[in-house]
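Asker: Protein chains in written order, with the working numbering: chain A, 1 to 260; chain B, 261 to 468; chain C, 469 to 562.
No lab work stands behind these hints, which were simulated from the structure alone. Even glycine gets a Cβ: it sits at the ideal position worked out from N, Cα and C. Do not rely on the hints blindly, as some may be mistaken.
Said to hold, decoys possible - Keeping only pairs whose Cα atoms sit at most 20 angstroms apart, straight-line, the calculated EDC-like set for lysine to aspartate or glutamate is:
{"#": "1", "chain 1": "A", "residue 1": "184", "chain 2": "B", "residue 2": "294"}
{"#": "2", "chain 1": "A", "residue 1": "184", "chain 2": "B", "residue 2": "292"}
{"#": "3", "chain 1": "B", "residue 1": "441", "chain 2": "C", "residue 2": "533"}
{"#": "4", "chain 1": "A", "residue 1": "54", "chain 2": "A", "residue 2": "70"}
{"#": "5", "chain 1": "A", "residue 1": "190", "chain 2": "B", "residue 2": "294"}
{"#": "6", "chain 1": "A", "residue 1": "190", "chain 2": "B", "residue 2": "362"}
Unchecked claim - Estimated spans, in silico, between C-beta atoms of each pair:
{"#": "7", "chain 1": "A", "residue 1": "64", "chain 2": "B", "residue 2": "304", "range": "34 to 42 angstroms"}
{"#": "8", "chain 1": "A", "residue 1": "109", "chain 2": "B", "residue 2": "433", "range": "16 to 24 angstroms"}
{"#": "9", "chain 1": "A", "residue 1": "142", "chain 2": "C", "residue 2": "542", "range": "49 to 57 angstroms"}
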Amino acid sequence: MTSASMTDVAERPSTRRSTETHAAKSRKRDQWICWWSLPIFYNLFGLIFVYLGKVMPPPKPGLTQAEIVEFIQANANSMQIAWVLLALSLGFASLSSGLIVTQMRRMSGVSAALAYTYLAVLAVAALPGCLFCSLMFALAAFRPDRDPQIVAMLYDMGMLSFVGSLGCFVTQYLVFAIAIFLDKRGIFPKWLAYMSIWGVVTELVAMPIWIFRGGTYAWDGLISFYLGTIIFVIWEVCLVTCLYNAIKRQPLEELTAAQA
Amino acid sequence: MNDTTAATLLQAPQLAVAGATTDRAERHLPGDADIWVFVIGDMLIFSVYFAAYIFFDRGQDHELFVASQRHLSQSLGVINTLILLTSSLFVALSVHATRAGDFGIASRFLSLGGGFGVGFLLLKSYEWYSKLSSGLTISTNAFFMHYYMLTGVHVFHVLIGLVFLLVLRSELHGTARPRVKLLEIGATYWHMVDFIWFLIFALLYLMR
Amino acid sequence: MTPYLRGPLFYTWLCLVIATLLSWWLGLEHDSEPHHRANTAVTIAILLIAIIKCRFVIRSYMEVDRAPAWLQWTCDGWLLLNFGMVSSFYWFVL
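Turn these sequences into a full structure, and let the hints steer you where they fit.
Answerer: In structure tokens:
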């Protein structure tokens with residue numbers, strides 16, 4: 001939109017609103033691209049981890065080596081597709097981090113420190129929380145000739161890191177909650193901060209998975225896995241919705257001159 | 261303090277005792293909607309913990325659970341319950357004092373409430389220490405797994421509650437006109453931590 | 469500070485203390501039997517007392533008695549859910 005055409009349409013009030021909306025959208029386009037990565041990536045994530053990768057719902061922790069090898073071999077084909085897909089697509093998850101950080105920078109009373117912490121901690125968390133699992137299972141699926149003891153170890157490493165990579169996410173949730181509480185502009189609603197504290201608790205109740213091979217607090221347990229996953233999904237849906245509203249409500253004046 | 265608050269405050273004694281509801285005009289949501297999302301959600305989450313304790317593991321070996329329970333100190337449990345419900349009293353009183361404009365008194369009540377909260381944590385730590393010294397760890401059996409997890413998650417909630425109380429205290433000291441709403445928000449959370457403990461105490465320590 | 473302590477919240481506190489001590493007393497071993505026996509009636513009584521204590525805190529300390537009806541129903545519903553869930557286990561499974 002050049003300044004000449006902007007002056008033209010200023011004389012016609014009926015089209016001014018649609019022009020502004022279009023201008024607003026085009027200046028926020030980069031944020032919208034980032035936002036779309038969330039529903040796309042998480043649907044892909046679901047496809048990969050649930051249908052193809054077979055790690056959600058998780059296989060049992062207490063399996064013998066022979067059973068583990070059998071599990072891998074029975075699902076080898078779909079696993080191979082799953083983990084190659086994840087290896088290709090995981091990087092796109094960082095788009096959402098960039099977006100959240102951009103919105104966090106809009107908060108008042110909050111310096112860049114918390115936003116950068118969020119960015120850093122999610123960059124670290126992606127490895128144990130997501131990629132490590134896929135790498136271990138990919139290795140097991142692509143190398144069926146390996147010693148069963150090695151396959152069993154890959155299985156344990158994959159699942160334990162996936163469910164048990166606690167600290168990074170505790171930090172993520174806490175930093176996010178603190179930023180929202182300190183923010184006077186209300187970029188994100190306070191209830192999202194409270195939900196983030198639930199997220200911290202889900203990581204705490206996942207701590208025992210390192211000890212137990214069965215029951216409520218094992219990596220396939222009702223509390224450590226299922227309740228944790230449900231809370232995570234609810235939080236993620238709320239986050240995506242709140243991000244949508246935050247971008248939409250962001251005043252144009254806030255966008256830097258570079259984006260004009 | 262505006263007229264509505266004053267009227268509500270005057271009616272509060274009779275209502276609190278009778279447990280009666282007021283008519284539409286005087287209904288007041290304590291705190292704000294956000295904290296109630298948090299509190300009700302947390303209540304439901306704890307219900308899932310309780311369901312897991314009761315149905316999934318206790319059902320498998322009830323005798324084991326009953327026998328293991330003997331190793332818990334009911335006395336320590338009772339003392340902790342009394343400590344926490346007293347702290348709740350003080351936090352509730354600090355809200356009332358704030359409403360009446362007695363900010364100094366409100367702050368003192370808050371400190372008492374928080375102090376009792378810390379007392380709860382100290383006693384709980386001692387209780388854990390004495391269990392661990394007897395060799396009863398989280399992996400001893402299913403009962404102790406739930407014991408440490410339920411009390412552990414609750415302790416985390418107490419810690420969060422203490423942080424909230426600190427925020428309330430700084431509101432009372434730091435601002436010229438402390439917001440009653442903020443006090444109500446923090447108190448609502450603290451009371452939830454209190455009554456969740458009542459159920460944990462009953463389930464783990466007393467009920468056979 | 470004393471005027472506040474003499475108010476209705478003190479009576480709530482007193483009821484909570486008495487209820488706590490009562491449920492503790494009920495939970496003590498009264499029989500001469502050496503083994504810690506399961507006792508459904510005592511257990512349900514203790515659970516009921518705990519639920520009532522929760523309701524006291526919710527209604528009085530948390531001021532839900534003056535809150536909108538939806539909140540009152542939600543809290544009562546949660547209490548009923550927990551009572552039903554736990555007592556059904558004890559009543560029907562054991």
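Asker: Mind listing which of the numbered hints don't hold for this structure, in increasing order?
Answerer: Of the numbered hints, just 6 does not hold.
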